[in-house]
Structures are given as C-alpha cells and as structure tokens.
Amino acid sequence: MSLLEVNQLDVRFALRRGDVKALRDVSFTLDRGERLGIVGESGAGKSVAAFSLLNLIAKPGYIAGGSIRFDGQELIGMRDRHLRQIRGNRISMIFQDPMMTLNPVLSIGEQMVECLKAHRRIGRREARAIALRKLEQVHIPSPEARLDQYPHELSGGMRQRVIIAIALLLDPDIIIADEPTTALDVTIQAEIMDLLLELCEKHNVGLILITHDLGVVSQVTQRMLVMYAGRVIEQGPTREIINDPQHPYTQGLMNALPQMATPGSRLNQIPGSMPSLDNLPSGCAFHPRCGFTQRPDGSERTACRSEVPGFVASGNCQAACHMVAEMQDQERIPAQETSR
Amino acid sequence: MTDTLSSPRPEASHSRADNGQPLLEIRGLEKRFSLSGDFLEQLKFKGGRLVREQEHVHAINGVDLEIQRGEALCVVGESGCGKSTVARTVMGLLHPSAGEIRYAGERIDDLSTQALMPYRRRMQMIFQNPYASLNPRMTIQQTLEEPIRLHHPDWSRQRVRDQVDEVMASVGIAADWGKRYGHEFSGGQRQRIAIARALAVDPEFIVADEPISALDVSIQAQVLNLLMDARRDRNLTYLFITHDLAVVEHFGTRVAVMYLGRVCEVAPTATLFATPRHPYTQALMSAIPRLEDERPQHIRLEGEVPTPVHLPSGCVFHARCPHANARCREEIPRLIARDDGSQVACHGVEEGRID
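In order, the protein sequences belong to chains A and B. Quick note, the numbering used here runs 11 ahead of the 1-based positions in the first sequence. Quick note, the numbering used here runs 1393 ahead of the 1-based positions in the second sequence.
Treat the hints as calculated values from the structure; they're not laboratory data. Just so it is clear, the structure is predicted and the values come from calculations on it, not from any experiment. Please note that the accuracy of each hint is not assured.
[Unchecked claim] Which bits of chain B does chain A cover? Going by a derived footprint, with three or more residues having C-beta under 8 Å, they are:
1. 1607-1613
2. 1641-1653
3. 1671-1683
[Said to hold, decoys possible] Some chain A residues well away from chain B (every beta-carbon gap over 10 Å; in silico):
4. Asp30
5. Asp36
6. Lys70
7. Gly72
8. Ala75
9. Ser78
10. Ile79
11. Gly83
12. Met89
13. Val116
14. Leu158
15. Pro162
16. Glu212
17. His214
18. Gly321
C-beta atoms are modelled at their ideal positions from N, C-alpha and C, and glycine is treated no differently.
Same shape as in the complex, but just chain A (with noise of 0.2 Å):
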C-alpha cells in the first residue's frame, strides 16, 4: 500500500451558471520517499489537485468524489480538528510567492516557534533549538541571526529557504511544493531544487512538485503525471515521459520548447488555447488542439470528438489517447490491465 493514494478525485466549483469541473477522475499515488511531478499549463487544474490533497479549497469549491487515502486513514470528510494533526504536521506544503507566505509582522523565529507550538506540547525554548537546527538543514548563512530578522530583510531565495525550514519543521512525510521556484532568478532556482532534493532524499520526505517547468521536472522527480483541462492525460516515470512522450499534448509541450529547436527556426506550436474548464469540448478535451485526429489513411478518428479516452499501458508509461490506444491495437500488443 502507498503512503499517499488518490483515487478518482473530482472537485468542481458552484457557481451561479452551475458547475465547473475543475478536476475529474484523477488518481495518483506516492510511495514513502518517491518524488512526483505534476505539470500542466495555466488552468490545467494542478493547483487544484495539490489543495484539495489537504482540503484547502475555498468556497465555492468542494470535492464532489473520489478519495484521497493517506497512510490507510481517509481525508475526505475527516473532521477539521483530526485534519490538522496531519495537515502541517505530517504533509506540508510550500507555496509560490515566498513574501506572501510568510507574516510580514513576525520575525522568522516566532514564526517557526508559533508553528511548533500550534502541533506540538513544546517550550518555548526548545521550539527555538528546533528552529535553529532546521535553518542549518536548508543551509542559510548565520541562521541565529536569522531567527530575530524579519522576512523583508531576507532576499527572495533565502525567505523560500526559510519556508522549506517551515516545512520541515515537524519532520513530515510528505511536502507539495507549488510553483516554489517560478517567483525566483534561475541561479536561486537551481540551488531551491538542489536543496529540496537533497533534503527528500536525506530525510526520505515524498516530494509533489507542481511546476509547469519540463526541465525542473525532469531534474527533480522520479514520477510524473501531465494534466490538461482538469484531467490526467499521461503517467509514468518522469525518464521515460521525458525520453518518449505518447500523448500528443505531452509530444506538442516538448517540441515547442525552444531548447528541442535548432536555433532560429520555427518552433513546433500547438494551436489555439487550453479551453476554459466551464466550455470544455466533447470527447476528448485537446482534440481541437491534436494533430491526430485524422488516421494516417485520412478517415476520421470520431472516438476523440464523442468519447473521452482512457489510459492505456506502454511501457511504464500511460497515456489517455485514442491514437495510441488504436496504435497499439495494431500492434497487437496486449493491452494491460491498468490501474496504477
């Protein structure tokens, strides 16, 4: 059994026109230590997984299914107050904006004392010692002195680091990391994946990181899962997505980065826009988009505009596509049971 499983989870949000579905039938899981991706584009729904994993979606959201089963333990539904002992405490979260995060009016020691003392029956002043010792783990120069500054007189990469320490604080098993770099220059960046890494591999902390970055991705995690329109479109291990994307979402995100280019030629595009999630096409969501919608010979391939596609096995990977499924049909490869 997983420490993390995600089963058919569908939050929506009520709004006045009705609801939009802003995540549908997704399912993920993560081992005690793995490290998984989740990329998307803008309003791919990603944010939205990654808070509903700890019930932090605001009104008017709410999740209308699925579960999300947490070291054996059931998190939807749970009552606020047994929550809290798991939200923070053994799954934290690091979000995008650094200055946003933390209190403006606090020095950081209070803040991580506060943060110890809201979990935990501890002194004040061995909540301090923890916090020192954490400020050390994410490497940040003269952490006593840190301990009575304020977050504005901390740059931008050392007030995320401080935010890891946070994190860290009550040794959790798990941290989802939001964006935690996107706010930040490339050489902050890579020294934050750095640190993170080398923190979750020490400590053998899961790690879901949610970026939109393929790079960061491919550097950071050993599983991925890409999203488009509030659903899963393509799974497996982060390598292998990387080496040898199936969907063609997943194909159109890779080549239109300029570093798959030669330089100065055209980059490979995906037309048009990801659809807004209350106007979503039929059948599958990226068939307005998909280069595959034609078979080879010219017919049509109706199943992408009536029907939405389900995972279908190659390799370690899954991809949610007609086109592949078909291919493989005629390849006459077995298709595997999937439900991983």
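Using the hints, position chain B against chain A.
Same frame as chain A, now just chain B:
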C-alpha cells in the same frame, strides 16, 4: 512616400546608416533612481548642521552596446540587473543620468518629446504583461488605430483601416476581433494584439521587454514564432530583454549578459553558448534546467547579488566570483574584444587566468 516626417534629420541619417553604422548605439549609459524623496525629505541634521543627503539605486552603471541593422540582440540577466531599465531608457521612457543613446547616428536621449516623435514611429515597444499593456476601455480596432492616427494625422479613415486590416492579418488576428475588448482574450491572444499595435506604424526597431515570460509554454512558442516571422518579413531589428536563456539561444543573433547594471559579456549567440567566458555567464548557463538524463552539476555562487544602492568597488561580481583577486576588488573591468567576436569584461579572462 508614406512618411510625413516633420523633421528632416532621421531621413538624412537613414542614408548614412548604411555605411556599417549601428542602428542603435549606447555609450556610457547610467541611470540612477533617487531613494531619498523630495528636497525637504533629503535635509537632515548632522553635527548641529543642516545637510542634504541623497541615496540612489544605481540601476545602470556604464553600459555600452551597439545594435546593427537586422540583428536580434538579447539582453539577459537576473532580476535587478538593469535589463528593463536599459530597454526603457532606449525608448525614451526614462531619461538617462549620464551617457548617450544614438539612433542611426543621431543622438536621441536629449530630444524634446516633440522632436522625438519621428523616432517613436520607427522604434516601438512590446511589454511583458499583456493584461496591463492594453487599454481595457478601448476595442481592439481602436487600440490598433491609435498609433497610426497619432503618427499619420493626415491619413484618411479608409487608409488607417486598411493599415489595421493588413497588420491584423499579418499577426493572425481574425477580423472580427476588432469590435471586442482586451479582457475577452487570453494572454497569448492579448500579446498578439500588443505585437500588432507595435507593428501598426511599420517600425524598423522593436524593443521587447520579456514579451513571453507571462505566457504558457505552448503559447510561448506561438508568440516567439510570430516575432521571428515579423523579423524576417519586415526586416526588423530587435532589442529583446529576457531572463530565459533557452529563448535567447533560439531567438538571438547576439547576446549581452548583464549583472548589477553592467554588461559583463557580449557575444554572438552560438559563441556564447559554446564557450561562455565570464564566470557569471558560466554560472548562469549551468543553472538552466535541462531535459537531459544526467543532472548537470551547476556552479554554485557564493552569497547573493549585492544591493545596487551601495555598489561594490572594482568588478561588481568580485564578491561572488571564485576567481577574484586583489585587482578585481579595486579596478573596474572594461569590455575587451576577443578574436571570436565576443567582448568580455573580466580581469581574469583578460590575464588568461580563466579559460
């Protein structure tokens, strides 16, 4: 002749520009922003006397750059290095504190708003955030007509409309977008409109300040393709500001790397990516997250970018540079041309200590 230029100066320089003269020349550019408020706020009592004290952010500290016709010069650097200030100063949106800017041989940084107008038609700017750069109360048609009307007041209504139609078609905007407002479009579509607005007056030089940074990956490719098509079809010259080195490698013909308000390396794109010389360039390049199998070891820099309020002595990079010595701490390095067409501002590279 479609031009109705009031001043003969740009036309005269136009012919001269063909003798290998750069289209844009930046010499010793400096820009300081005061942190100290107005005159009264600067007055302080010290030792029983009233003294005036001022503190400055030194955003640009002596930048020299040249852009030849047809080039796409990319300026890269991390936040706070002054790359956007360079773009804005070139466009005349900011006045330089020192130094000069020449466009086709003519000095433009000291011109009045009136005298700058003909240049404004020839130089256009594309901004980073298409959510902020389009007027929410104007339709797309009005947005695109405005610059044409401003620069060609004598054009007939029909002619203005024809010009708008032409530019809309060339950037792939459907004709029926014209009646709609900016908020009805996605980020990528808005950036397309912003590009159309810049191209509407047939400029020859485009300053683009992080034009694709706010967009999604699949949309970035669309907009980048559009900018490259425009360059080819309209013979444009670009000053392209970005922090994304992968985009630079793809788009730029030459690259200038900036750090703390100074240019530390300028080189043809292929040369820079094959052999980065300046220690900062090397660190920056090693930090790009790549898709390759092995995780490359990136060069870790000591410490952080110093504040541009109190600049370090000597080379601005010396405190973080693994190769710094006494000379680096005292003497400001100048850009020195090398055989491969690159220019590097580094004592270590000049002395052969760093290869």
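query = Of the hints given before, which are not true for this structure?
reply = none
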